[in-house]
Structures are given as C-alpha cells and as structure tokens.
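**Student:** Use these hints to put chain B onto chain A, whose structure you have.
Quick mapping for you: the protein sequence lines, in order, are chains A and B.
Quick note on our numbering: the first sequence kicks off at 1280 and runs consecutively.
Quick note on our numbering: the second sequence kicks off at -11 and runs consecutively.
No lab work stands behind these hints, which were simulated from the structure alone.
Treat each hint with caution, since some may be false.
Unchecked claim - Listed below are the simulated SDA-like cross-link pairs for lysine to any residue, each with C-alpha atoms no more than 25 Å apart in a straight line: (1) A/K1670 x B/S41; (2) A/K1670 x B/T2; (3) A/K1723 x B/N35; (4) A/K1670 x B/G93; (5) A/K1670 x B/N35; (6) A/K1670 x A/L1653; (7) A/K1835 x A/D2054; (8) A/K1723 x A/L1974; (9) A/K1723 x B/G73; (10) A/K1723 x B/T71; (11) A/K1908 x A/E1891; (12) A/K2077 x A/A1688; (13) A/K1670 x A/K2077; (14) A/K1670 x B/T32; (15) A/K1908 x A/G1786.
Claimed, not checked - With the C-beta cut set under 8 Å, the calculated list includes, among others, these residues of chain A facing chain B: (16) Q1543; (17) P1547; (18) P1555; (19) Q1662; (20) V1664; (21) P1669; (22) A1672; (23) G1713; (24) Y1912.
To be verified - What follows is a list of derived Cβ distance ranges for each label pair: (25) A/Q1694 x B/V9: 44 to 52 Å; (26) B/P47 x A/A1627: 43 to 51 Å; (27) A/A1671 x B/P47: 19 to 27 Å; (28) B/A56 x A/A1671: 50 to 58 Å; (29) A/D1886 x B/T11: 57 to 65 Å.
Using N, Cα and C, we set each Cβ at its ideal position, and we do this for glycine too.
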Amino acid sequence: MTAWTDAVDALSPRIWLRFDEASGNLTDDANARVFTVTGSPDYGVAGATDAGGDTNDAMTWGADSVDYAISALNYALHGSSDTVNYSLAFFAKTATTGTPGTDCIWHWGATYNQNASWMVSVTDTQFHARFKDVFGGVGTVTVTGLDFSDWAFAVLVISSTTAWTLYVDGVSVDSGTLTGFAGISPTTDKMCVGRAGNTGNFEGSLDELIFFPSALGADDVAGLYAAATGNYPPDTLPMTLQGWLSHPQATLPMTLQTITAHAQATLPMLLQGLDPAVTQAAVAAWSVRVVFDAVDISDQVVGAVSVEHEESSSGLATFRIYPPAGALDPNDYENKSVRIDYETRSSAGAVTSRSRRFTGISSRAVFDPDSGVLTIDATDDLQGVLENTPKAAIDNVIGGLWSEYVFDATADGWQYALDRLSTIASEMHIDNYGVLVVVPWAAKTTADFTLTDAGRFEDSMRLSRATRRDLLTEVTITWDFRFTRLRHREVRVAFRDTVGLCNYLNGAAEFAAKEMVYAAADGNPWTRISAIDFTDLPAAGAYCTPVRVWIGDPRKLFCLAASWTAGRRWAQTVTEVYTLRVYAPDLEEAIGPQAIAESYGVEATYDASEYERDTAFSGPPTGASLSTKSNDYQIDATDAERDGRTAMEAAQECAIAKARTTMLERARRNRLTLSPVFNPAITLAATVRINTPYLIAKGKVYALREVFNPVDGSVDFEITLALSRHGGSGLASDTPVAAPATPEQTQETDTGRSYVIETRAGGVTGAPADDESWDGWITNAYGPAQTDPTNLYRERFKLRMPEIEEAARQATEVVQDADFEVEIPQDELTMSN
Amino acid sequence: MTVIANVYKDAALTEAFDDAVDTFSAQAVDGSFGTGSFWVGTPTATNQIQATSDPGVDPIEVSFDDSAPGSGVEESHMRLALTEGGLAGATPGATLGLGTTILGGSGNAVRVWFRWDNSTGGGESTEMRMQLTARNEAAIP
Chain A
1280 MTAWTDAVDA
1290 LSPRIWLRFD
1300 EASGNLTDDA
1310 NARVFTVTGS
1320 PDYGVAGATD
1330 AGGDTNDAMT
1340 WGADSVDYAI
1350 SALNYALHGS
1360 SDTVNYSLAF
1370 FAKTATTGTP
1380 GTDCIWHWGA
1390 TYNQNASWMV
1400 SVTDTQFHAR
1410 FKDVFGGVGT
1420 VTVTGLDFSD
1430 WAFAVLVISS
1440 TTAWTLYVDG
1450 VSVDSGTLTG
1460 FAGISPTTDK
1470 MCVGRAGNTG
1480 NFEGSLDELI
1490 FFPSALGADD
1500 VAGLYAAATG
1510 NYPPDTLPMT
1520 LQGWLSHPQA
1530 TLPMTLQTIT
1540 AHAQATLPML
1550 LQGLDPAVTQ
1560 AAVAAWSVRV
1570 VFDAVDISDQ
1580 VVGAVSVEHE
1590 ESSSGLATFR
1600 IYPPAGALDP
1610 NDYENKSVRI
1620 DYETRSSAGA
1630 VTSRSRRFTG
1640 ISSRAVFDPD
1650 SGVLTIDATD
1660 DLQGVLENTP
1670 KAAIDNVIGG
1680 LWSEYVFDAT
1690 ADGWQYALDR
1700 LSTIASEMHI
1710 DNYGVLVVVP
1720 WAAKTTADFT
1730 LTDAGRFEDS
1740 MRLSRATRRD
1750 LLTEVTITWD
1760 FRFTRLRHRE
1770 VRVAFRDTVG
1780 LCNYLNGAAE
1790 FAAKEMVYAA
1800 ADGNPWTRIS
1810 AIDFTDLPAA
1820 GAYCTPVRVW
1830 IGDPRKLFCL
1840 AASWTAGRRW
1850 AQTVTEVYTL
1860 RVYAPDLEEA
1870 IGPQAIAESY
1880 GVEATYDASE
1890 YERDTAFSGP
1900 PTGASLSTKS
1910 NDYQIDATDA
1920 ERDGRTAMEA
1930 AQECAIAKAR
1940 TTMLERARRN
1950 RLTLSPVFNP
1960 AITLAATVRI
1970 NTPYLIAKGK
1980 VYALREVFNP
1990 VDGSVDFEIT
2000 LALSRHGGSG
2010 LASDTPVAAP
2020 ATPEQTQETD
2030 TGRSYVIETR
2040 AGGVTGAPAD
2050 DESWDGWITN
2060 AYGPAQTDPT
2070 NLYRERFKLR
2080 MPEIEEAARQ
2090 ATEVVQDADF
2100 EVEIPQDELT
2110 MSN
Chain B
-11 MTVIANVYKD
-1 AALTEAFDDA
9 VDTFSAQAVD
19 GSFGTGSFWV
29 GTPTATNQIQ
39 ATSDPGVDPI
49 EVSFDDSAPG
59 SGVEESHMRL
69 ALTEGGLAGA
79 TPGATLGLGT
89 TILGGSGNAV
99 RVWFRWDNST
109 GGGESTEMRM
119 QLTARNEAAI
129 P
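The following block holds chain A by itself, in its conformation from the complex (with noise of 0.2 Å):
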C-alpha cells in the first residue's frame, strides 16, 4: 500500500483504471472488471505518477480511432441509491486541438447520445462534460484556459443533482449547474474509455482514471492530488490593502459663547380685593397711603390727594405734603416714583384692604413758602414712556396698521403710537399699577358695573352730545399708484415675393441680396430676434413658359423671400386711480352727509432708462407675460419692497382702516358724566352702565377723576363714560378692510404684429417716379423688361418698421372705485322725563 492507493481506498471508488496492464485487458483495480481493449494502444508509456506502485505506468491512446477499452459488462454508475454525488478524476495528457465533446476519455451509456448517459472529453486547452437524462435533459460543462498539454490531474464533482466543480492539479478552477439536467440515472450500462460509444476517440495518454460514488471535497481533491505526486495545490492567502488618503493639519475655528445663566425667578405678586361692603360704605373709614422714591410719606400729606386718569392720555396726579424742616430744594422731588393706594381701615385702625389708584412719577414740586406745604403733581407719563419705547414693541403692544404713505415716517415714538392707534377701535392708558394697556371703544355685552340713582349721584349727572359738525360720515380716499410698466413688442416681417421667378427671369426685377436685407433687418431701432427664414432661388434649370434656362444660385447669395421677427422695448407710466369711499350709513341717514376728502400716492421707483437702451435681447424679459389688452409682452415693476404694490395695498388699508376709526371715534363723542359713591374697582378698562328712571346708559369709561379729601372725609368721584351713536336704523355692517382689486389695463387698439415689405421695380413705362420714403426691395427692370430708362431707382433695401403708436407710449392712467360700509355701534341711551 501506498499513500496514493490508501488515499484514492479511503474515498471508496467505484471504478479504478490504472492503466498499467502490459498488454491486452484492463482491469477495474477497484472492482475486477474488465475492460476489453480494441485498437492498439501503447501500453507502458511514462505514467503521470508512480506513487501508487505502478511502476509508473500508463497508457497513450492513438488517433486511429480504434484504441479504447470497454467494459465487458454493464454496470450501474452507482452501487447504492446515491444518485446525486459523483465524482471522476484521471490525469490525462493530450496535444489535441479538436472539438470539446469529441476526444472522449470516459463514456458511460451504449451510445453518445442515449439517454441516461455521460461522457467527459479534454483537448489540450479544454475540459468538457456531457450528461443525458433519462428524459432526454442535457447539461453540459465547459472549462477553458486550461492546460492538458503535460499531465494535468482533473476532478469533476457533481454534488446535489445539478452543481459541478472542476480541480484541475487539486485547485478548484470553475463551479457551476447542469441546467436543465434531472439527474444521473441508475440505469446499468456500458464504460467506456478512450471512446464515447462508437465515436469520438480520445488521443493522448491516461492514468489512473477513478469514479467515486461520491462528492468529494476540496481538501479531498487536494489530497488525492498530493498523494498521486508529492504536491500541494497552492494555498490562497487573502489579503486585504487599506487604501489611506493624506490631509494636511486642519486648523479648525472656534466660537466660545458666554452664556448668562439666570436662576428660576420668583415674582411676587400684590392681590388686592376690594369689598364694595367697605370701600362704598356710607360711613367709611379710610386713608390714603402716598409712597414717594419708595418712601411712605402718608403721614406728611396734607389737603386733599386727587387722581385723574382718560383714555389715551397721561394719568395725573396731584399731593401736598408738609416737608421735615430744614432746606429744601423741590428739585429733589421731581422725576421721583409715586404711588398712592387707597385704604379702608377697621374701626381700630387696622387696614382692611388697599387699592392702588396710581403708579407714576413726580413731575413738578412747588413750594408755598407762606404755608411751608410743597404741591407735587405726578404723572404716569403715557406720552413720554411711549416716546421711549422702540417701534417694534409699539407694533406689539398696540397693534394697528401703519404706513409711511399714510404717516410721518420721522414721528418719534408718541406720534408713531397714535399713529398705529388712529387704525384701530380702542384707546391706551396707563393701568393704576402703572402697565400700559390698549382697550376697545366698544362697550362690554354685560356691563361690569351698573349704577342706580341709588348710587346717589346727587344732581351729578352731565349729557354732551356730540354735535353734527363732529360727526363724520364719509371719507372719500383718492389714492394714486404710479409705477413703470415695462413693454416689449414683438412684430413678424415679410420680404414677400410680388415678382415671381419667371418674371425676375425675364427682367422685370434685380434679385435681392441677401446681404441686403441682413443690413435692412440690423440697421433700424428694432431687434431682430431670430434667424431670417430665406426663400431661396431655384436649383438650375429650365422653368416657365416659354422656357427660361436658370443657372442657379449655388452660393445661395440672393432670395426670393425672407421673414424674421423683430423686437422694440419701452417702458410706459401707468397710474391707478383709487376711489376709496369709506361711509357710515347709519349716521348719514341720521345726520345727512358729513363728508371730508383724503388724498394719497405712491410711485413705485424704477430706473427704466436701462430697459430701454438695451438691444441685445433675443426674447421678452424675464417674468413678463403676453397682455390680452396690449397684445404686447409686458411686465410691471411694482415688486420693491418699499414703494411696491404689496407696500401701496398695505398703505391703502392703512388709509381705510383710520377713515373708519375716526369716524366711529367721532361717533362715540357723546359723554355722559356723573359722580357716584367712590368705588374703587372702576377704571377705564370698564363698561358702566346707568340705570335711573330718567336715563339710561351703557359705555366704556372714558375718563375718571377721584379726589380723596381726608380733611373732611369725603371722597369725590366722578366718572365720564363715551357712548357711540348713529341714530339711523341700524342696517350698516362692515365692510372687511382689505385694498381693492388692481384695476384692469385698457384695451388698446391693435395695431397688427407683422410687417410686410415688396419689390418696387424702376425702368418701366408707367412706374412712378422714385420716393425716398419707400420700403422694401427697390431695384429697376433689366434687358428687354427695361421699357423706361428714364425712370431708373436707386436701388437699395430699406426697412422702416412702424413707430409704437403713441397711446401704448404716453401715460396712461386706469381707475378703480371701492366702497367700505361702517357699521357705528349704538350703545345704549334712552332719556325720559
């Protein structure tokens, strides 16, 4: 025994041909069979190996197509029901060329082309296999680039039916699947080596041809190859190479931010609930607490304390107070802060509840030097807290609408406050703790307080009406829009043909150069935006009747006909006229019209001088668009941010939305004012109504005024509410405010977008006489056509393209009207007697 034959027993073969009989049979050293040899092979040739004890033996097969060897028997492929792993294996050696398929080694079946049959073939370079199905399914395996040139050591497996593998010298060279192939079948038949049946005869030497009944493995090809010659397949070393990409030292910048870190904050809060039960009480005790640069000074106040607060006006307040002794100077109680609460005290004393009825700053301090008491006026200082603040949080606070085209743009602070607020139905104060707050006019649904004549208003009680001269009914806003509108016109000119071929053949006219008319077509104010469209002279020939004999035009240097488009930009001044009507129907029927008159304008600013000295375009500009109106391109140049369309429509409601807040400020000028019990809770911010036999009121506190008098006790207060009034039937409602619809552009007449010019022909009787303000092609009659030689033109190209007609040139103006209904409110008022 020896390595190789331990190594090809241990893998259980089937079939072993080792070739290394002397003459006659060989012999299956794996199971006796004989294999009767036809032909003349040469016996005992230099085997591929001699490790297995054959004495390096083997055999070469001839090209007679005689020499092989077949099995005496038939034998089935397979010894068990395994049918789906096989495996054969020989060294072979050939220096044929021929056809795959053809130079068989192994075949197994009675013919080549039975089914259930196989056969295996090598050329020098290549490796087939053949396999037959019992149902006719064929699979075939062909390996090229391999070298069968010197003994090579090939080992097909055939594992899981249909996958094949083929080692060539124990390395797997190529895998695939016998598509279409079921199976090996475990029919017996006939071996055969050397021939496939009765054909295809194999050339070159065999050894040790082994068919094991089994897949075997890579490591078992590589052994078997290892034991037969003493080599081992080469290993594959994978290997993996990293690929690395250099960056220089990177500087990297940095931003360091500070961070202020405010810990959770913690507000207190001062609540004061008021007890009508006290603070109205018929015999109430109470005091007033007077905190001056944070100081109570209550105990230095003398006389009376009086605070006054109306809508969009500044609080007052006015005190006196008896100094320590000593030197004084009373500017040292100017711009101080003052607060002054109203107390109600137990009869021990004790303070029962306080409210705050002013928050401010002492403005002036007067000093009585007779009387040693120092007045000192106070005030919230509305206006000078708002001239103070930035406009962006006056946006926020008041809200409203503004514009530069309706307002000063240079108003400081105040002026922009009123401003904003003159757009909206509502007024600012300054709260009593000092807050400013923005309210609506209109009274509440359900007022906050009601006072009855039980509230004893002691005669107290004043109805001012407002007047006819201070009502409004109409506004009528004129509003110009003035911008650029930019146009481009696009025209189609024709140089027809008037002429005709023959009649140029027969002399009747020159034909024009094309030169000519690129000149005519580049030399006037208008573009031309496209290619000239030539109609070009025919090819040589024989045309017309009679006969005329043309030689062509081969350099295409003239035309019949040409046609290109032309373009002219200009810019026009347009203007939108705006009629805005903002009215109040209601007060109109009542009052009859009360009408005033507003004007305003915005010109959108735009250089067009630019546009219209541009002439190398080739297309309408940007954005513009062809106008049904015009039958122009055109485009208009309203989007600037500051004096664009968007910016005049937000002016335009601007505009509406002050007609309309000062007409239903005017409207809300009737004032009722009385003095009821002192009650503390009622401030601006309130809807008061009266109830009393004689009158009834609802409205919002317009103003208020309460002087607290501790030298004899009493408390004066006395408050004016505003009451909007229309007396008409109620019908208005409002018109939401929003800018107008654009007016539409004019319909211009249509002056035609194409141009045609002709052929005026000079030399012949009856042609008028030339005119220097012709267009066209004009050029004379030639040879016999030429009836006149007197009457000869000048011959030239000359294009005049019509002139923009002067109503799409001038300024234009559209109009537009737009009526804005405003519904007054009717608080209520009845009066009986």
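**Tutor:** Relative to the frame of chain A, chain B by itself:
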C-alpha cells in the same frame, strides 16, 4: 435691590422688574377679576433666551407658586395667557409656555398676562408668586 433678569414692566424693556420694590399687582372686587401683565425678553437684539435645562428644546415657562396653599388665594384662582383675550379661556393654575427661544429686542419680547379671580373678598394678599424658568441668555449663534 434685586433685578430679575429678563423680566420687564414695560414693552420697551427699559424698566427691569426689581423684586425689592416691585410686585405684579391686580385688584378685583370679590366675585370679579383683575388682570396685569409683564414682559419677558432681553433688550439686546443680538441675544436670545433659552431654558437652562435643555436650551432650545425645553420651553421657558411661567407658573404660579402659592406660599400658603389651602388658605387665602389659591393657584386655582389664577390664570396665565399670552394675550389679554386669552385669559378667559386659560386653565386656572396652569403653567404657561413662552416658547423654547425668545429672541432679543423689544419687538420680540413676550408679554405675559395674569388674572386673579377674586373669591376671597377684601384685603391684600402677597402669598401668590409667579415662577419663571431658569434660563440662559447668550448671543444668537
């Protein structure tokens, strides 16, 4: 004098709230309500304010804190809203979110409105306070 950063009494953000001398006040007759407001922001237009806990993610919030729960004024008597009109529909005692970032400049300040529904009768109460989230003020990146 302790100025509370980012809390102002005026829209111009010039009168910082000083808890040594200032209180946020409201007065109301028993059964009625009183309102007030203040501003949260920074006058530095290039700065922004964010919650310290998770800047830019967590909201800046205002909430009520009752130092004497169970007596007098309760958190359920208080409301917060970003508009005066929103007070009526605000949930009593609920925390108010001012957003995750308040940009600098008076125009970007957030006005906070509070309301007290007086059901405790006459008298003066200082037990209620408002809490403003810990916050960072830094330059806008």
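**Student:** Which of the listed hints are not met by the structure?
**Tutor:** When the structure is compared with the hints, numbers 1, 3, 6, 12, 13, 15, 19, 24, 25, 28 turn out to be violated.
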